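Now that you have both chains on their own, put them together as the hints suggest.
So the sequences go chain by chain: A and B. Count the first sequence with my numbering and you get residues 1 to 428, in order. Count the second sequence with my numbering and you get residues 1 to 171, in order.
Honestly, the hints are just simulated from the structure, not real lab data. Be aware that one or more of the hints could be misleading.
Taking lysine to aspartate or glutamate pairs in the EDC-like style, the calculated list, with each CA pair at most 16 Å apart, reads [unchecked claim]:
1. B:Lys32 / A:Asp43
2. A:Lys72 / B:Glu29
3. A:Lys342 / A:Glu314
4. B:Lys169 / A:Asp16
5. A:Lys72 / B:Asp34
6. A:Lys419 / A:Asp330
7. A:Lys183 / A:Glu162
8. A:Lys69 / B:Glu29
9. A:Lys419 / A:Glu296
10. B:Lys25 / A:Asp381
11. B:Lys44 / A:Asp381
12. A:Lys399 / B:Glu41
13. B:Lys25 / A:Asp70
14. A:Lys78 / B:Glu29
This structure is a prediction, so every number in the text was calculated from the model and none was measured.
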Amino acid sequence: MGYTIVEKIFAAHRRDTPTPENIILDLDVVMCHEITTPIAITDLEARGMDRVFDPDKIKVVIDHVTPAKDSKTATQGKILRDWARRQNIRDFFDIGRNGVCHALFPEKGFIRPGYTVIMGDSHTCTHGAFGAFAAGVGTTDLEVGILKGVCSFRLPRTIKVEINGRMPAGVYAKDVILHIIKKLTVNGATDRVLEFGGPVVASMSMEARMTLCNMAIEAGATCGVCLPDKITAEYLWPFIKEQYTTIDEALADFQEWHSDPDAAYEQVLEFDVSTLVPQVTYGFKPDEVKDITEMEGVPVDQIYIGSCTNGRIEDLREAARVLKGKKISDQVRGILSPATPKVYNQALEEGLIKIFQEAGFCVTNPTCGACLGMSNGVLADGEICASTTNRNFNGRMGKGGIVHLMSPLSAAAAAVAGKITDPRVMLD
Amino acid sequence: MKQFGGQALFLDRSDINTDEIIPAKYLTENTKMDLKPYVLEDLKLGGFDPKRDLADKGVIVSRANFGCGSSREHAVWVFEVNEINTVIAESFARIFRQNMYNCGMLAIELPAADIEQLFNLGGEVTVEVDLPAGKLTAKGERTAEFSFNLNDFDRRLVAAGGWLNYADKHY
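One chain only, chain B, in its complex shape (with noise of 0.2 Å):
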């Protein structure tokens, strides 16, 4: 199975939507590497710079309603064509919820406190995802342990690496 995890992008506002995480305007891209360039262009966030603030990173943690919006899909797979394999949050919009999972790729939730901790850790954190144990190890200049619970059928679609091979197989 894929691993998980990796340098934490904090990105401390509820509500970010599909438009600012990949504006219209580049939905007219016909394959997933083109967008690229694009990943979180219009969010509204002081001081963010997408091309700065995202190297090297492979996990995003953000507040409550994540992926509110539109459906597109692109959201996710700018996400994953930026090497960002996990996103965690308060709470998530159903449809960028859904189509992380479809793409075999993880939104954890987690309770506003555990949230509130995480962004608190200070200095570089990296995020460790133990899957089967349902476990989050975050390092900063603090480290800290946080559980989760992923929905049963959610866990089958990452093991089976999306929705399309999970459904090829069974209907």
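The shape of chain A in the complex, shown without the other chains (with noise of 0.2 Å):
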């Protein structure tokens, strides 16, 4: 019997199997932020363990709320920022350089096939997308992470979700994974992995297989994971091409993570996306998802485009698609917050950045605050947000506020329209 790609990182990563279902793992990268890092690191200081397993395993970023709206804020960006450099922690991201973490740090090639990561933040699993194991923890695996690199977990069964087809018009990532979370609730893949596969996902960016990725959490699962293939070692490659001589070479390599044809999953399911249509969440929980031609007309108040799911240049370039030479209706208000420094200079030099503020789009630097309801764009009560944002819970993005979960481009549609609305009849 085979084994998949999961089975494959916890047998190169085993450190300890204190009981046959438990199994402690070697970790190849912890990152942090400012929200659940502090309360690990004046707990490890209290305990008299100030000290880390590997400075150059440590990442570090402030995003959450960044620049810092207040005293409490403040305190938390510095209790990192301290920390950092008391560890001689070197990649820490402070202000200017900061982005949004699952969008950061895959930018600066931190994630590599086969790697064992995590980080006090549910959407970690992001960064299977590269065909790695990512999962998101509490702040006492991430403390105990700091100070021994290891991490417990059950060994995950995995669910392989093939997505054949061919994407239609206005269709995304996006539009996919809610379809899939539609299909499997929001805990249809509670301890397990979806492994992501088929011609779809073979022939996606590493920026849409993340928007993929990303969203695993909101069913429930550890982690979501692609196979690493030529696309994943092209956008590598500025990160190993001293490692390697060719991209073949490295593609070579990549090979050992590949799950095997004969390898067990649980349960295989599968997509065919040829006649899915865009997609928008309703009610308060991310499976409660409509296609988009059911929710038209509904009212919207604020619009923002941004996050971990959605803040990457692919995302601006396809939100722009429909801005571009339109302004958005007066009942509503635009907000786009690119992910990372890089995206935001890249959409300056695509003039997408240009096209935003002429559509009535207010720019922010890159941060999750809104997302999460802490800063930059907190909705008041009763108010509705069509957002690229990755969960819609009561009072996500602000007491008594509204979220509707839908694609950049159907965002974009709904700024111009001022309500909810079918994004492909605005596309050329």
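Structure follows, in structure tokens:
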């Protein structure tokens, strides 16, 4: 019997097997941000254990509330900043160089096929797009990761998700993953890995694969994962070119992580996206998903484009296709937060920022803020947001606010129309 | 070892997420105790009033997929500082369940029929947890006993008082 990619990664990183069900893994990367890390740091200090297992394997960013909005968030930044300096952590990204963690760290080349990655952030599953095992954890797991370089997991079973057909115009990775979550439900993949494959995934960019893996957690999954291929190798090439003489050589190396043809899956789900239409959430759970045609005309107050789900350059390009030469409705306000400085600069160079601004959008710095109602676009009671983020939970973007999740294209169309609308009619 | 059990708070809904347990705007607090007043502030459950309903409770009983969403351990800490030591549900989201055991607290899964029976005991229900025996005794207007299984590793984490203590000793 063969093995899945995640079984292979687990076998290669196994430190201990305290019980047959539980495995202690050695970690390649421990990522930290200012919301879930400071309490780990102060607890380590209080215990007289203020040290790190390997400063080069710890990556740190201030991203959730940046610039700091008050004394409390300034203190969180300060605890993280002082600690990174004290522990000689070189990869620390402060304001001016910071971005949304799950967009920034891949850009820096920190994630490689076969890696084990944790972060005190549930959307860490994003990094599975590179053929890594990447899982969100709580502060205690993070604290042990920082101190010892290990984390405990139950060996997850894998659900293979085969995505077939051809992506229709106006339909993107976000629509595909919302459709999959609808089918799986919010706990259909709990304690499971979602391994995405099939021809649609094979032709997806790394950005699209990250969108897909990013929302695996919304079906309860431990991790989403894509098998590393030529697209992965090309994305990583600036960071691995010292290690390999050609992309093909890197590819051959990545092959070792591929799931075997006779690997055992708990379940194989097949989706044909050829007839998929843009998807949108209603209600307060990310599995409450409808075709956008069924939600036509729902008024909105705010449009938010950004986040670890959809704040990358491709997302901005998609939205700009609809916004170019148009104005957003007088009834709405639009906020764009490019996910990283690199995305921001590229959007400037491509003229996208100008398109957003001329359409009436406010363009902010890279930050997570609005997605979880912390800063940078919090909703008032009863307000409705068309958002490219990942959670429509009650109060998520502000107490009493309502969130409809959708693709950047659909969000841009909602901005122009002032209500949810089928974006495909606005395409050339 | 820590004692578990107490009066039960019944939250009759599935998919209660960690944003409802502790909204993100309070994640800027830098001590666990500062989270205390905000427990379950955004819970979408008709008639629920956290201040009134949480008083003197030690155990939460709920339905499926409890603690889904964000990885924030604040959702466990806010229970801890409100003296909730055990959550009993049909199922848990992985990160929340791990966070409970990592803090030396109990996340006990029971079959749906047992949960239903717990919800129907009537009156004020007190739950006693016999951890070594894997038994729950719930006393309301009626009394019922339930057996539960704990993953052996989770049991060790509870005995060690959490994952940091365990990991420091073993790794």
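Here is how each hint holds up against the structure:
1. Note on lysine 32 (chain B) and aspartate 43 (chain A): the hinted pairing holds, with a Cα-Cα distance of about 11 Å set against a maximum of 16 Å.
2. Using a Cα cut-off of 16 Å, the hinted pair lysine 72 (chain A) and glutamate 29 (chain B) holds, with the two alpha carbons roughly 7 Å apart.
3. Between lysine 342 (chain A) and glutamate 314 (chain A) the alpha-carbon distance is near 12 Å, which keeps this suggested pair within the 16 Å criterion.
4. A C-alpha spacing of about 13 Å is found between lysine 169 (chain B) and aspartate 16 (chain A), which places the hinted pair at or below 16 Å, so the restraint holds.
5. Distance restraint check for lysine 72 (chain A) and aspartate 34 (chain B): the Cα-Cα separation of roughly 12 Å lies within the 16 Å cut-off, and the hinted pair is therefore satisfied.
6. Restraint check for lysine 419 (chain A) and aspartate 330 (chain A): the C-alpha separation of about 11 Å stays at or below 16 Å, so the hint holds.
7. Between lysine 183 (chain A) and glutamate 162 (chain A) the alpha-carbon distance is near 13 Å, which keeps this suggested pair within the 16 Å criterion.
8. Pair hint lysine 69 (chain A) plus glutamate 29 (chain B) holds up; C-alpha atoms about 13 Å apart against a cutoff of 16 Å.
9. Taking the CA atoms of lysine 419 (chain A) and glutamate 296 (chain A), the gap is about 8 Å. The hint holds against a cut of 16 Å.
10. Taking the CA atoms of lysine 25 (chain B) and aspartate 381 (chain A), the gap is near 15 Å; set against the 16 Å cutoff, the hint holds.
11. Note on lysine 44 (chain B) and aspartate 381 (chain A): the hinted pairing holds, with a Cα-Cα distance of about 14 Å set against a maximum of 16 Å.
12. Distance hint between lysine 399 (chain A) and glutamate 41 (chain B) is fulfilled; the C-alpha atoms sit about 10 Å from each other, no more than 16 Å.
13. For the given pair, lysine 25 (chain B) sits about 12 Å from aspartate 70 (chain A) by alpha-carbon distance, which is consistent with the 16 Å threshold.
14. Between lysine 78 (chain A) and glutamate 29 (chain B) the alpha-carbon distance is near 14 Å, which keeps this suggested pair within the 16 Å criterion.
In the structure shown, no violation is registered for any of the earlier numbered hints.
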